[in-house]
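J.: As a plain string of letters, each chain reads:
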Amino acid sequence: KAQADDLPLVGNKAPDFEAEAVFDQEFIKVKLSEYIGKKYVILFFYPLDFTFVCPTEITAFSDRYEEFEKLNTEVLGVSVDSVFSHLAWVQTDRKSGGLGDLNYPLVSDITKSISKSFGVLIPDQGIALRGLFIIDKEGVIQHSTINNLGIGRSVDETMRTLQALQYVQENPDEVCPAGWKPGEKSMKPDPKLSKEYFSAI
Amino acid sequence: KAQADDLPLVGNKAPDFEAEAVFDQEFIKVKLSDYIGKKYVILFFYPLDFTFVCPTEITAFSDRHSEFEKLNTEVLGVSVDSVFSHLAWVQTDRKSGGLGDLNYPLISDVTKSISKSFGVLIHDQGIALRGLFIIDKEGVIQHSTINNLGIGRSVDETMRTLQALQYIQENPDEVCPAGWKPGEKSMKPDPKLSKEYFSAI
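Heads up: the sequence lines are chains L and R, in that order.
Residue numbers for the first sequence follow my numbering, so the first one is 1 and each next one is one higher.
Residue numbers for the second sequence follow my numbering, so the first one is 1 and each next one is one higher.
The following block holds chain L by itself, in its conformation from the complex (with noise of 0.2 Å):
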């Protein structure tokens, strides 16, 4: 039976990690905790290297990378594979199932540590959930998404997730509502204020 009696990850610091990744066709050391104080950083993880649904998670938020530059984000993924098949997946072109070049770097996390932190590992199985976690600048998880089978996910709701936090974040005293993007109206936390929004919608 599964059960989570640990404090929830959301709202909590981040497990810091090390690990080897690939970027820009070489490897290279990733540190969780060098992003504290820098950049908002977009994790996500997926289940193995040379599936199916897989790429076009990873090849949807490769393309759009320079959105989530523009909000000083950085996105991660990551996969228990080791950095030689994140290495030959990237080197594989798209129309072949591959991935072609990637904007950020894919993790190693050959020692499934990384996975089990987030607690996105299926231990019968060896290999992670699709989870997707939004840390901000202090290094606080402030979203997850998890999804089983072969429900890709979605950047634009990633994205608008970002977005939102990031307004609450520079706004302490507003906070959104359902849905809320860019531009839309947001809420005071306030008896009276709030009203303002109700009597406005």
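Think of the hints as simulated: they come from the structure by calculation, not from any bench.
One or more of the hints may lead you astray.
Distance condition first, Cα-Cα at most 27 Å in a straight line; then the derived DSS-like pairs of lysine-lysine [what the hints assert, rightly or not]: (1) Lys70/R with Lys39/R; (2) Lys116/L with Lys13/R; (3) Lys112/R with Lys31/R; (4) Lys29/R with Lys39/R; (5) Lys116/R with Lys116/L; (6) Lys112/L with Lys116/R; (7) Lys13/R with Lys31/R; (8) Lys137/R with Lys38/R; (9) Lys112/R with Lys116/L; (10) Lys116/R with Lys29/R; (11) Lys38/R with Lys13/R; (12) Lys112/R with Lys13/L; (13) Lys39/L with Lys116/L; (14) Lys13/R with Lys112/L; (15) Lys13/R with Lys112/R; (16) Lys13/L with Lys116/R.
Given chain L, put chain R in place with the hints provided.
T.: Relative to chain L, chain R alone:
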């Protein structure tokens, strides 16, 4: 330090619960396992009644309840408030920050055991994070989204994910690319056939 060492919730049977709820301005009993074999369930948690970002999420799910009904899906809202608080909130006009009547039940998790079981309880505050879970007809959790701060969830994205899940379960030999919507091409998890998809995009 937050860490989820147990099995992930996604991919596993949802923890069962039975609790009092408010529906159609009456007190009822809701038992999660009653839906097994019959319906999908969208189970969402919100921190507290009478707070400011929450109404827009809760009312959005109510306003679109008929869309979920067409997909054989029940919506259930949960907070740690009492049924008396829930009743007062649905009896408060929307323009006054209330909910108005809802098309689905609001469950009282006054013992906080449901929130704890689903890993969304913030212990030191005694309230739940904004968690949302999609549970299939066999009672297995297939998706989770958890937000911190005042970031609202998107009903559109919940609907998209639910439709992708149902499509995959009805067509188990296909998988959905990132951001898939009904009517779009899906992928076949076969090396040769998946090249059909890639060559076509």
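J.: Please write out, lowest number first, the hints stated earlier that are contradicted by the structure.
T.: none
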